[in-house]
Amino acid sequence: MAVTSDSRKPALIADNVHVVYRVFGGRKKAYRGAESRFRDAVEGAKKTRSAVTEIHAVRGISLVAHHGESIGIVGRNGAGKSTLLRALAGLIPPSQGHVHVDAQPSLLGVSAALMPSMTGEKNIMLGCLAMGLSLDEARERFDEIVEFSGIGEFVYLPMTAYSSGMQARLRFAISAAIVPDILMVDEALATGDRAFRAKSKEKFDEIREKAGTVFLVSHNPGSIEEHCDRAIWIDKGKIIADGTATDVMKEYTQAE
Amino acid sequence: MTSSSSHDDATSEELSALAHQHGLRPLGLRPRFGEYIRQIIERRSFLWHLARAKSASRHQNNYLGQLWLILNPLLLAGVYYLVFGIMLGTNRGVENFVGFLVVGIFIYVFIANTLTSAGDSILGNLPLIRALQFPRAVLPLQVVLSEAIILMPALGVMLVITAGSGEVPTWSWLLVLLALVITVLFNAGISFIAARAIQATRDLKNLLPLIVRLMRYVSGVFFLITSYGDSIPRAIALTLEYQPIAVYLTMFRSALLEEFAVDWTLWAVGLGWAMLFFTVGLIVFWRAEDRYGRD
Numbered sequence: 002m003a004v005t006s007d008s009r010k011p012a013l014i015a016d017n018v019h020v021v022y023r024v025f026g027g028r029k030k031a032y033r034g035a036e037s038r039f040r041d042a043v044e045g046a047k048k049t050r051s052a053v054t055e056i057h058a059v060r061g062i063s064l065v066a067h068h069g070e071s072i073g074i075v076g077r078n079g080a081g082k083s084t085l086l087r088a089l090a091g092l093i094p095p096s097q098g099h100v101h102v103d104a105q106p107s108l109l110g111v112s113a114a115l116m117p118s119m120t121g122e123k124n125i126m127l128g129c130l131a132m133g134l135s136l137d138e139a140r141e142r143f144d145e146i147v148e149f150s151g152i153g154e155f156v157y158l159p160m161t162a163y164s165s166g167m168q169a170r171l172r173f174a175i176s177a178a179i180v181p182d183i184l185m186v187d188e189a190l191a192t193g194d195r196a197f198r199a200k201s202k203e204k205f206d207e208i209r210e211k212a213g214t215v216f217l218v219s220h221n222p223g224s225i226e227e228h229c230d231r232a233i234w235i236d237k238g239k240i241i242a243d244g245t246a247t248d249v250m251k252e253y254t255q256a257e
Numbered sequence: 126m127t128s129s130s131s132h133d134d135a136t137s138e139e140l141s142a143l144a145h146q147h148g149l150r151p152l153g154l155r156p157r158f159g160e161y162i163r164q165i166i167e168r169r170s171f172l173w174h175l176a177r178a179k180s181a182s183r184h185q186n187n188y189l190g191q192l193w194l195i196l197n198p199l200l201l202a203g204v205y206y207l208v209f210g211i212m213l214g215t216n217r218g219v220e221n222f223v224g225f226l227v228v229g230i231f232i233y234v235f236i237a238n239t240l241t242s243a244g245d246s247i248l249g250n251l252p253l254i255r256a257l258q259f260p261r262a263v264l265p266l267q268v269v270l271s272e273a274i275i276l277m278p279a280l281g282v283m284l285v286i287t288a289g290s291g292e293v294p295t296w297s298w299l300l301v302l303l304a305l306v307i308t309v310l311f312n313a314g315i316s317f318i319a320a321r322a323i324q325a326t327r328d329l330k331n332l333l334p335l336i337v338r339l340m341r342y343v344s345g346v347f348f349l350i351t352s353y354g355d356s357i358p359r360a361i362a363l364t365l366e367y368q369p370i371a372v373y374l375t376m377f378r379s380a381l382l383e384e385f386a387v388d389w390t391l392w393a394v395g396l397g398w399a400m401l402f403f404t405v406g407l408i409v410f411w412r413a414e415d416r417y418g419r420d
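So the protein sequences, as listed, match chains U and P. Sequential numbering from 2 applies to the first sequence in the working numbering. Sequential numbering from 126 applies to the second sequence in the working numbering.
Bear in mind the hints are in silico, worked out from the structure with no lab data behind them. Built from N, CA and C at the ideal position, the CB exists for glycine as well. There could be a bad hint or two in this list.
Partial list, computed: chain P residues near chain U (C-beta under 10 Å) [as the list claims (entries may be wrong)]:
| no. | residue |
| --- | --- |
| 1 | A144 |
| 2 | H147 |
| 3 | G153 |
| 4 | S170 |
| 5 | W173 |
| 6 | A178 |
| 7 | R217 |
| 8 | V219 |
| 9 | E220 |
| 10 | N221 |
| 11 | Q258 |
| 12 | F259 |
| 13 | D415 |
| 14 | R416 |
| 15 | G418 |
Between the sequences and the hints, there should be enough to build the whole structure, so can you do that?
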């Protein structure tokens, strides 16, 4: 069996991972043409209860990621890429299946939502402390984070006063403050202007050199081919293809 | 072409065997209880800073800002004085009704606010939960701490009014600190339970205001429970007197008001309730640690 003969040390193993989450306040409806009045009446009556929809975002994904691998995850919007990444990072508990790791993965991304009503300064401190840094370490990295995000004196204003680009840059800068063994990046490299993208690519490469394993979610085929040596194509929560980045991306772009 | 990879056809057993062979640990499993407590202690600066930041941002959206932390309970005390002290005359059996009422309301509002915000501490922080890995017990605990921070200015006002209502400060006033520690411990317990219950069944959130109101009427916030002792069955009278919230109100009153003697049995009961609720709450919360953030 190939799995056991592979001599590289695995860093992360996903074993048949499913993620189902509930969404309140809306209901998926099949699009229908003409329908009977009776059915409409029944549907109407049901609506008095709050609508709850179960979304099966990830449907049985198994994969083995090794040290030194950088893996791109591609797929259309809503394919389950980001949910899978969160499940692999241990942030959304899988409803079925397991994830095994040899180090705590760290999700780096524009989605590291903090407290919008608070100042950038407080968000930096809280973000660092939440990631497990000590108070001294957090203070040490404060200037570096402000510098990297390039938000200047805005750091002392509440995040609600920020442009969306500034918010994203600050979040990226906060989550880039630690160098994890397993790094997961969600679309973050596409954030901000050209100068910031160049800076973040530098950071990404630096982390990739130190870190064992990198996951990168993107629907931009170019950035996957540029950054990754392996790619996994996901559609409707299932793996369609898994192989070298060049092969999978070729297949993916042809299918699109 | 379907791409080939080394593990496409690996079964679950093979994957777990591989994980085991290389010493990989399962992710997102609930840690053991002792380990969980260690993790919480490790994040104490996160907890403290989060609580401070949240309490500071509470009233930043109105002009009077933090002043509302004092104005709110003060106005409430005024309303209750008008309704229960003057119009309905529930002040029977109490000499210093102003002091009695102010202590009762300030402390009750403290407990009730903690419970109400703790109910939302998991569902209201989903983005944070889905972005960062930390023991989730930090979230209800942060509510408890930030409510305690918010109480401080109100507590000062409470002491001033109590002194103004004719009480002479004595050494027993220092017992307020002990009462506060015990109440905070109790608050943490009910916060864990509320956060867990509402995470499991979010509709329960609609019942919280009801519970808060019920407890306000039965806990002796604006009347003396013992003054009704003769007219109701003894079992009910004892329950009313020794249920935790009534006990905490009495503890604060006996520390501050001369007419209520400090009853150490009652303080022991208060501490017992606090430790019971804290332990049970923490265990109940910890048991679902691997489920927070799913929806």
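Consistency of the hints with the structure:
1. A144: 4 Å, holds
2. H147: Check passed: Cβ of P/H147 comes within 6 Å of chain U, closer than 10 Å.
3. G153: Hint holds; P/G153 Cβ to chain U Cβ min 4 Å, cut 10 Å.
4. S170: Result: holds, 5 Å to nearest chain U Cβ.
5. W173: Result: holds, 9 Å to nearest chain U Cβ.
6. A178: 5 Å, holds
7. R217: Status violated, d = 46 Å.
8. V219: Since the shortest Cβ distance to chain U is 42 Å, the answer is violated.
9. E220: Hint on P/E220: violated, closest Cβ of chain U at ~45 Å, above 10 Å.
10. N221: Nearest chain U Cβ about 41 Å off; hint violated.
11. Q258: 6 Å, holds
12. F259: It holds, given that the least Cβ distance between P/F259 and chain U is near 5 Å, below 10 Å.
13. D415: 5 Å, holds
14. R416: At about 6 Å, which falls below the 10 Å cut-off, the nearest Cβ of chain U leaves the hint on P/R416 intact, so it holds.
15. G418: Holds, because the Cβ-Cβ distance from P/G418 to chain U comes to roughly 6 Å (cut-off 10 Å).
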